[in-house]
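Engineer: Protein chains in written order, with the numbering used here: chain A, 79 to 281; chain B, 147 to 308.
Worth flagging that the hints you see were computed from the coordinates, not collected in a lab. Note that beta-carbon positions come from the ideal geometry of N, C-alpha and C, so glycine has one too. Among the hints, a few may not be true.
If the Cβ cut is set under 7 Å, some of the chain B residues that face chain A in the computed set are [what the hints assert, rightly or not]:
1. 195
2. 203
3. 209
4. 284
Here's the letter readout for the chains.
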Amino acid sequence: MDFLDGMQLDVLKEIGNIGAGNAATSLSKLLSRRVGMNVPEVKLIQFNQVEMVVGGAETLVAGVYFEFSGDIQGTILFILDRASANNLLFLLIPNDFAEYDEDFSPLERSALQEVGNILAGAYLGSLSVMTGLTIKHSTPAFAYDMAGAILSVPMIEFGQMGEYALFIENVFIDGSSKIKGNFFLMPNVDSYPIILEALGVYK
Amino acid sequence: MIERIKVGMADFNVVKSPGILVTLGLGSCVGIALYDAQVKVAGLSHIMLPSSKQIKNNQNKAKFADTAILLLIEKMMTMGAQKDRIKAKIVGGAQMFSSINNKNSLLKIGERNVNAALEVLNSLNIPVIGRDTGGNYGRSIELYADTGILLVKTIGHGIKEI
Numbered sequence: 079m080d081f082l083d084g085m086q087l088d089v090l091k092e093i094g095n096i097g098a099g100n101a102a103t104s105l106s107k108l109l110s111r112r113v114g115m116n117v118p119e120v121k122l123i124q125f126n127q128v129e130m131v132v133g134g135a136e137t138l139v140a141g142v143y144f145e146f147s148g149d150i151q152g153t154i155l156f157i158l159d160r161a162s163a164n165n166l167l168f169l170l171i172p173n174d175f176a177e178y179d180e181d182f183s184p185l186e187r188s189a190l191q192e193v194g195n196i197l198a199g200a201y202l203g204s205l206s207v208m209t210g211l212t213i214k215h216s217t218p219a220f221a222y223d224m225a226g227a228i229l230s231v232p233m234i235e236f237g238q239m240g241e242y243a244l245f246i247e248n249v250f251i252d253g254s255s256k257i258k259g260n261f262f263l264m265p266n267v268d269s270y271p272i273i274l275e276a277l278g279v280y281k
Numbered sequence: 147m148i149e150r151i152k153v154g155m156a157d158f159n160v161v162k163s164p165g166i167l168v169t170l171g172l173g174s175c176v177g178i179a180l181y182d183a184q185v186k187v188a189g190l191s192h193i194m195l196p197s198s199k200q201i202k203n204n205q206n207k208a209k210f211a212d213t214a215i216l217l218l219i220e221k222m223m224t225m226g227a228q229k230d231r232i233k234a235k236i237v238g239g240a241q242m243f244s245s246i247n248n249k250n251s252l253l254k255i256g257e258r259n260v261n262a263a264l265e266v267l268n269s270l271n272i273p274v275i276g277r278d279t280g281g282n283y284g285r286s287i288e289l290y291a292d293t294g295i296l297l298v299k300t301i302g303h304g305i306k307e308i
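Throw the hints in and build the complete structure from the sequences for me.
Structural biologist: Listed below in structure tokens is the structure:
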């Protein structure tokens with residue numbers, strides 16, 4: 079593979095696993111109920127298969143975006159399809175949630191941004207604990223648009239390194255409602271060696 | 147049946163009239179539509195990054211504005227197009243998450259992609275006769291080889307022909 083070898087990929091997958099565990103705990107606190115999160119699937123995709131992630135390049139998705147900095151730099155993108163976003167909003171703000179509105183209200187946007195914030199904190203927290211590196215993240219930015227357009231942001235980031243993008247698929251389960259989110263954690267090109275060295279796997 | 151060819155991210159393709167070239171969900175990437183009206187040959191490139199020269203891993207020439215445009219013109223010429231007749235339209239280069247305002251942000255990549263495409267086309271003396279770039283929203287485009295019309299579709303920002 080072009081930039082990451084098998085072992086480095088395993089490291090990123092492990093960070094994904096631990097991050098997901100933390101994220102489930104944090105989300106349970108926010109929702110005041112138990113949130114089960116299945117073992118996240120960490121996948122590699124080619125750019126031309128990007129639309130397979132969410133069922134079509136024109137599928138509408140909500141995206142929450144962060145930049146992180148400190149000892150390493152990079153970006154984070156959390157995306158949810160409309161049905162998952164609705165299910166999540168129903169749990170978060172049941173009284174202020176209007177399912178059939180075309181766009182998200184300001185309150186709905188900030189609720190989704192807060193979930194993104196918690197997930198970003200959980201993943202970066204795991205990465206920080208595992209590596210001893212200091213990492214802080216920006217406030218969230220929100221967009222609701224075509225999946226292809228929103229996913230172009232992580233794809234371009236990965237595009238500087240090779241022909242593949244790495245993403246983590248999380249499924250949060252709460253009773254009957256199913257919430258499926260995709261999470262992209264993208265250290266920039268110069269940050270990979272720092273992470274892998276801190277973990278003792280850099281060759 | 148009119149041939150309808152999808153052009154994915156970091157990809158390009160050409161078609162003769164009455165074919166249609168389609169790219170769905172352009173965000174910060176840029177779609178470069180080229181057209182030779184005399185022979186009705188259309189070409190569409192979907193680039194992700196401005197320049198192959200700034201990147202070590204640059205084997206995929208369809209990914210970069212500088213290398214993709216040259217390849218696309220070559221391919222159009224094998225179908226009868228002539229370089230001095232080709233005209234261009236460019237679309238995309240949005241900043242999808244506009245509320246993060248960091249000067250060094252990678253989010254500015256859309257603008258850099260647009261500028262790179264304009265520079266390459268200018269250096270090849272290819273006139274840019276239409277553009278719909280920037281903003282903070284995605285675009286889907288359809289390039290019609292029988293007319294050269296480029297249809298731009300958005301969510302919440304209307305449909306237009308350029």
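Engineer: Give a verdict on every hint.
Structural biologist: Comparing the hints with the structure gives:
1. 195: This interface hint holds because 6 Å falls under the 7 Å limit.
2. 203: holds (5 Å)
3. 209: Because about 6 Å separates residue 209 (chain B) from the closest Cβ in chain A, which is inside the 7 Å limit, the hint holds.
4. 284: Given a least distance of 2 Å, the restraint on residue 284 (chain B) holds.
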